[in-house]
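> Following the hints, complete the assembly by docking chain L onto the known chain E.
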Amino acid sequence: MTDEMFQLIKGATEAFGPSGSEEPIREFIKARVKDYVDEVKTDPLGNLICVRKGPAGGKKVLLDAHMDEIGLIVTHIDDKGFLRFSNVGGVNPYITLGERVYFANGTTGVVGIEKIDDPKEVKLEKLFIDIGAKDKAEAESKVRVGDMAAFQRHAERMGSRIASKAMDDRIGCVVVMETLRRVKSPRHTIYAVFAVQEEVGLRGARVAAFGIEPDVGIAVDVTRTGDTPKAITMDVSLGKGAAIKVKDSSLICHPGLRKYLEKLAAERNIPYQLEVLEAGGTDSGAIQMTKAGVPAVVVSVPCRYIHSPSEVVDENDVEACINLLVAAVESPLDF
Amino acid sequence: MDLRELASLPGVSGHEGKVRETLISWLREMGYEPRTDVLGNVIVRTGGRGPKVMVDAHMDEVGLVVTAIEKNGFVRFQKVGGIDDRVLLSKRVFIGEERVPGVIGVKAIHMQEPKEWEQVIPWHTLTIDIGAKSKEEAEKKVKVGDYIVFDTEYEEIGDDLVKSKALDDRVGCAVLLELLKEKWEKLELYCVFAVQEEVGTRGARVAAYEIAPDIGIAVEGTICSDLPGCEEHQWVTKLGGGAALSVMDRGSIPSRRMLEEFLRLARENGIPVQFRESGAGGNDAAAIQLARSGCPVASVSVPCRYIHSPVSLASKKDFQSVVKLLILFLKSVEGGFRP
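Taken in order, these protein sequences are the chains called E and L. Our numbering puts the first sequence at residues -5 to 329. Our numbering puts the second sequence at residues 213 to 551.
Chain L with its partners taken away, still in its complex shape:
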């Protein structure tokens, strides 16, 4: 899978350059002529005459950004996208293009008051230690505005799982690459690798305005909370349970007809699917549905355990289910399905 390389690239919202460059070079090797728009979205148009279908996955990941460098050389940061403060402690990170290594430091347990053990340490009290002795030394390596990514090695674990940072939403980007290995004729397919989803579905919004699609699909990495201590009705999705179909989230309500079509295709072709059992969260479908005079949308996701943290897990089988289901859906559009 291309996922190993894709997920390992840095791409904090607004700094998707490395992911973009890599995707563009792969897409060119595949014979496409990808275009980059003003905000940095990568758009591939293929297919022939027919309805305009926009399939979207976002390139950006949650991360951090440098906001200040202290006198003693410690680096202050802010969060980019939704990150739980509790997962930041003692993590290894890379800062900026030069991948300057650093550690998010925390006061030793010996020095904490007992009541501090009970508290979440807020992000704005943390700093990153890059081993610099002074502000001057730190400024030679790092500057304000540099992005920060988690230092997480991509690995395959267990029978079927991948472990990585940024699976949300490099899994979606990898799905789009699979769709582009197929030949499309009776639809106008736009694959959009979007920027800035994690900070407000910004890339998808402008891409959808320009494309004016008839059908929109967001391909996502989504919440998977099938953990000890969580009751089954709060799992949202189950790892290995198949492609996850959204029924509603805070940003969009899927087209009922598209949802029914996904379910029919899954049933008739034996593809494992599950409902995304939650109304929480949101994704690029929210922006696509509001483009111009409106567009029916749906979201199909790969479940990602420990999403929005330095390390998440996804199932290769779920990934394949999403790919197969989307190929069947697009073929169904070629065959005349309309939402």
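In isolation and in its complexed conformation, chain E is listed as follows:
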């Protein structure tokens, strides 16, 4: 992977953007895709929608990746300046304890816990954020109830692997951004949707798809793997290529479109693997239900330790996903 590409991943994952507070990551993406698209707009919920026009007679292809990341939201500031919080998306209290977090304005905090007698008592309501304030007034000068925080972690290369916070789903954003940059002669009009609020219920993709009314929907998101010690049984591994989803709990991918992508990958020698995710959903689950229905699939980037501050992907899988999407939008999509 080029250093340029790593820097893009680093910038995208380190940008701030828990669900509903996506402005910093939206600005990051907007600045980097505007030269490769014909139209950029932000919709009422905050989705960034970028249109790359294709030739007449082409289809409307929605490429979706969600911008939001999981995070914490401040619900109370106590007299001593400690912050209580609730989760934004799926936040594991064991993983959160001891983490360092940051707010959009740069304020740093550490996550502590009340006295407990049993590790089973590690619950979000027992945790608090310490931002170094000596009292409520000092805390309130930096943070307000309703402010969100994200994990504070840098992206690091580990051989061909990359660890960072928010790979879910900034790596998907990078795949879509790179597809827009690398595609030379698209046969279709591409609607690249960088969606908000996926982690709290596929909300952004749902309203974006309503407005676009696509002929084809492809979401790019991370998926779990079964390749770590005593992992769940799942036939997806890091480094074995783009994962073409068969199903998860939000959708059964359109079989014709899914097989079309498999055939395309095989023809172009793009490494791929099939994915069956037992639990979890993706934006395509919302996209397929739009109006009278949309054929939708998901191209997944295999990712270890999802919803932790150190989500790990393999750079070769990322390249495979980009190659597959470029090939798809340059192909007839006559599945």
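Everything labelled a hint here was simulated from the structure, so no lab data went into it. Treat the hints with caution; some may be incorrect.
[As the list claims (entries may be wrong)] Interface residues of chain E toward chain L, partial, derived using beta-carbon atoms under 7 Å:
#1 Asp37
#2 Pro38
#3 Val139
#4 Gly205
[Unchecked claim] Derived lysine-lysine pairs resembling BS3-like cross-links, with alpha carbons at most 27 Å apart:
#5 Lys395(L) with Lys450(L)
#6 Lys355(L) with Lys450(L)
#7 Lys47(E) with Lys285(E)
#8 Lys54(E) with Lys224(E)
#9 Lys128(E) with Lys28(E)
#10 Lys253(E) with Lys178(E)
#11 Lys327(L) with Lys114(E)
#12 Lys54(E) with Lys28(E)
#13 Lys450(L) with Lys117(E)
#14 Lys130(E) with Lys450(L)
#15 Lys35(E) with Lys264(L)
#16 Lys230(L) with Lys345(L)
#17 Lys393(L) with Lys283(L)
#18 Lys120(E) with Lys450(L)
#19 Lys47(E) with Lys257(E)
#20 Lys74(E) with Lys130(E)
#21 Lys230(L) with Lys355(L)
#22 Lys53(E) with Lys285(E)
#23 Lys285(E) with Lys241(E)
#24 Lys393(L) with Lys74(E)
#25 Lys291(L) with Lys345(L)
#26 Lys257(E) with Lys234(E)
#27 Lys450(L) with Lys128(E)
#28 Lys178(E) with Lys74(E)
#29 Lys24(E) with Lys178(E)
#30 Lys136(E) with Lys450(L)
#31 Lys264(L) with Lys285(E)
[Said to hold, decoys possible] Just a sample of chain E residues kept apart from chain L, beta carbon distances all over 12 Å, derived:
#32 Val104
#33 Gln146
#34 His148
#35 Ala203
#36 Ser244
#37 Ala260
#38 Asn310
Virtual Cβ for every residue (Gly too), placed ideally from N, Cα, C.
The following block gives chain L in isolation, referenced to the frame of chain E:
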């Protein structure tokens, strides 16, 4: 306040008829022409040209529904909406249009095993006693599908509180009536009195689809847990603490710009407000934000202690704060504010 009559009407989700009829007659007296949609939402359109603002409060309340009548005349029921099983015991209820009185019975303490005292008695083991001696006698008064409401008298208590069933969300309905006493010109205001919020924000969903609003506001009765035994960070809201502004719940995240505007208006006009300090719960804003291509939303609530139980408490001052804040917000939209 109209709240006394409003809150006393029966309106279990799907059976909002009495509330709807009353609201329609009041709205007509106020000079409006309310419309009822297919699911039973009451929609009032007023104002002039400008952004479409949908202000929503739900008519329905949590309650029970008759599912079977036993051979001995006892009535089986299911819960409609989220009700704590522990609040059901020994409550007086009214069943159906004829308001047949009944009591949710429980085995006498003398007959319970000591371990039973420690347990929550599950709702599906309870029955309602309407004084019938047989199934035949019971069926003359009650039928399967009849709704059941709690028998709670509306009263004013203390200096500032009202005590009633169904404050969630008849307080919101009463707020909307106050908004409709004002004259609106530079916005297109849709006041929606929605059905079936408690069973999944169903009414608001279809109303918002039809209206396609530019701005959505849910007016709610919300959690207020400022009780002995609850730590301050778990209060969510404080009774008498002012209009409660949501920062996030399980259904929606409010528009940051709308939230800032509410805070500015409150600060500059001396209106008491508080944050709704929790991520739990959900309301009609969840459905409104997802209408068509999406809509920025916010939720403004009147705190209700003992919400989702047969009897809750709300503060008249909080109610007034919500009314004043919403009037100012709508005037701000008339003056050009956009989310």
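> All hints are to be evaluated individually against the structure, with a verdict given for each.
Comparing the hints with the structure gives:
no., hint, verdict
1, Asp37, "6 Å, holds"
2, Pro38, "4 Å, holds"
3, Val139, "4 Å, holds"
4, Gly205, "4 Å, holds"
5, Lys395(L) with Lys450(L), "32 Å, violated"
6, Lys355(L) with Lys450(L), "41 Å, violated"
7, Lys47(E) with Lys285(E), "23 Å, holds"
8, Lys54(E) with Lys224(E), "43 Å, violated"
9, Lys128(E) with Lys28(E), "44 Å, violated"
10, Lys253(E) with Lys178(E), "24 Å, holds"
11, Lys327(L) with Lys114(E), "26 Å, holds"
12, Lys54(E) with Lys28(E), "19 Å, holds"
13, Lys450(L) with Lys117(E), "24 Å, holds"
14, Lys130(E) with Lys450(L), "18 Å, holds"
15, Lys35(E) with Lys264(L), "21 Å, holds"
16, Lys230(L) with Lys345(L), "30 Å, violated"
17, Lys393(L) with Lys283(L), "52 Å, violated"
18, Lys120(E) with Lys450(L), "21 Å, holds"
19, Lys47(E) with Lys257(E), "26 Å, holds"
20, Lys74(E) with Lys130(E), "5 Å, holds"
21, Lys230(L) with Lys355(L), "19 Å, holds"
22, Lys53(E) with Lys285(E), "17 Å, holds"
23, Lys285(E) with Lys241(E), "21 Å, holds"
24, Lys393(L) with Lys74(E), "44 Å, violated"
25, Lys291(L) with Lys345(L), "24 Å, holds"
26, Lys257(E) with Lys234(E), "17 Å, holds"
27, Lys450(L) with Lys128(E), "25 Å, holds"
28, Lys178(E) with Lys74(E), "58 Å, violated"
29, Lys24(E) with Lys178(E), "20 Å, holds"
30, Lys136(E) with Lys450(L), "24 Å, holds"
31, Lys264(L) with Lys285(E), "23 Å, holds"
32, Val104, "18 Å, holds"
33, Gln146, "21 Å, holds"
34, His148, "27 Å, holds"
35, Ala203, "9 Å, violated"
36, Ser244, "15 Å, holds"
37, Ala260, "37 Å, holds"
38, Asn310, "36 Å, holds"
Going down the numbered hints, you'll see the structure goes against 5, 6, 8, 9, 16, 17, 24, 28 and 35, while the others check out.
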